[in-house]
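Assemble the complex: chain A is given as a structure, and chain B must be docked to it using the hints.
Order-wise, the sequence lines are chains A and B.
Note that this note's numbering has the first sequence beginning at 16, numbered continuously upward.
Note that this note's numbering has the second sequence beginning at 16, numbered continuously upward.
Keep in mind the hints are simulated off the structure, nothing from the lab.
Take the hints with a grain of salt, since some may be wrong.
Okay, derived cross-link-like pairs now, SDA-like style, lysine to any residue, Cα gap no bigger than 25 Å in a straight line [to be verified]:
no.: 1; chain 1: B; residue 1: K94; chain 2: B; residue 2: L62
no.: 2; chain 1: A; residue 1: K171; chain 2: B; residue 2: Q218
no.: 3; chain 1: B; residue 1: K94; chain 2: A; residue 2: R66
no.: 4; chain 1: A; residue 1: K171; chain 2: B; residue 2: G230
no.: 5; chain 1: B; residue 1: K171; chain 2: A; residue 2: T233
no.: 6; chain 1: B; residue 1: K171; chain 2: A; residue 2: E182
no.: 7; chain 1: A; residue 1: K94; chain 2: B; residue 2: G67
no.: 8; chain 1: B; residue 1: K171; chain 2: A; residue 2: D221
no.: 9; chain 1: A; residue 1: K171; chain 2: A; residue 2: E182
no.: 10; chain 1: B; residue 1: K94; chain 2: B; residue 2: R165
Remember, predicted model here, so these are calculated numbers, not experimental data.
Letter by letter, the chains look like this.
Protein chains: 2
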Amino acid sequence: MTDERDAQARELARAARIVDHLEARNRPKRGRPGHDLGAVLAAAVRLFNERGYEATSMDDVARRLGITKSSLYHHVTGKEELLRIAVDQALDGLYEAMDEVDGLAAPALDRLETLIRRSVLVLADRLEYVTLLLRVRGNTAVEQQALLRRRIFDAKVTELVKQAQAEGAIRPDVDAATAARLLFGMVNSLIEWYSPQRGGAAQLADAVTTIAFDGLRTRQ
Amino acid sequence: MTDERDAQARELARAARIVDHLEARNRPKRGRPGHDLGAVLAAAVRLFNERGYEATSMDDVARRLGITKSSLYHHVTGKEELLRIAVDQALDGLYEAMDEVDGLAAPALDRLETLIRRSVLVLADRLEYVTLLLRVRGNTAVEQQALLRRRIFDAKVTELVKQAQAEGAIRPDVDAATAARLLFGMVNSLIEWYSPQRGGAAQLADAVTTIAFDGLRTRQ
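Excised from the complex, chain A in its bound form (with noise of 0.2 Å):
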């Protein structure tokens, strides 16, 4: 059990550098979404949302913007460095999430609770970015490297429900990989029919914290 999590934390190290590497390499010119960047990144990911994001040519963004194709180059270097700057908005809230959690002193059982509703805040609040994200299948580097920081992402799932059960406070008889897939899958589920103009994304928290960690059963 410490040699397979000893192993999985290597991974995730090793995985992690990648990581590093390629967002060095990756890195935009331009800084992090501006003003103006930000209309730029908002409008290219409805549309890549809308039509798919092999089907939305730099033309689409810009007629949608209602602005030149060169006042587009102006923002970026091209469609992937916009699907790049879109999903990481996505990951980076995931990411900063994980890291908070990282940083309590507290067991296993309240991270991964805290994780969980911090995630289910930041998919209500980059609904289009979260949405976009998930439906990256890796076609391009950007996409791999996308895929590969969502696998990161699972696996410290996965520990925290590993680590929780062996504090005891997770029942053991549920694989641990299966059951960060289903947290997540209820969590990722909001990009199907959350609507932000809704609200209500702290009850919502509470809502899946609560199946999650409790479940719906009344308790005699």
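Just chain B, lined up with the frame of chain A:
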């Protein structure tokens, strides 16, 4: 509460009549999939899932099967009929589970649990068909009909949650519609990560119902 439930029941009955009408109008000329139509269907669904329904032509389907387009039209009237038969494979499975559950003389909680369990088995068994169904976005009459049947199914799940709450078996502090969406968020997430080769659908159904009704937390 009862008025609201009556209104919902009337709305469901009305929607069911519309579906009956649409189905009668769209009934296939050559009945349910036989041996050959089954092979055509499997190839078409795989292509639809790989490339998207819009981006797949009847030429593509014929090429994948290694038959001529006129041989293909011997089996189906066109692409939209293929889509309809395919999504009905998924929807019929879920509706059969719902009908079975409706016929049980059991408390609402037990019926809901049985429905969740059966739905996991349907997804595991008809994964490609359910994947296609869950990606349907409603651009054609067939897609709109599929979305309507999904909505009726979802409304019935919500109704079961409400009944179980009224019977005191499900906690009243979680909104019934939200609970229904999160339950099927877990179930539907199978299309993202379940592999039929891996098997273990029954254990997976156990994991889903354990989390959903009892939660992951260890009881003292």
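Structure-based check of all given hints:
Note on K94(B) and L62(B): the hinted pairing holds, with a Cα-Cα distance of about 12 Å set against a maximum of 25 Å. Proximity of K171(A) to Q218(B) is assessed by CA-CA distance (about 23 Å); at most 25 Å being required, the pair is judged to hold. For the proposed pair K94(B) and R66(A), the alpha carbon gap of about 20 Å is at most 25 Å, so the pair holds. Distance restraint check for K171(A) and G230(B): the Cα-Cα separation of roughly 20 Å lies within the 25 Å cut-off, and the hinted pair is therefore satisfied.
Under the criterion of a C-alpha separation no larger than 25 Å, the hint pairing K171(B) with T233(A) is consistent with the structure, at around 21 Å. Proximity of K171(B) to E182(A) is assessed by CA-CA distance (about 39 Å); at most 25 Å being required, the pair is judged violated. Taken as a hint, the K94(A) and G67(B) pair is honoured in the structure, with Cα atoms around 21 Å apart against an allowance of 25 Å. For the hint linking K171(B) to D221(A), the alpha-carbon distance of about 24 Å falls within 25 Å, and the restraint holds.
Simply put, K171(A) and E182(A) have alpha-carbon atoms about 16 Å apart, close enough for the 25 Å limit, and the pair holds. Annotation: proposed proximity of K94(B) to R165(B) holds, straight-line Cα distance about 21 Å (limit 25 Å).
When each numbered hint is compared with the structure, a violation occurs for hint 6 only.
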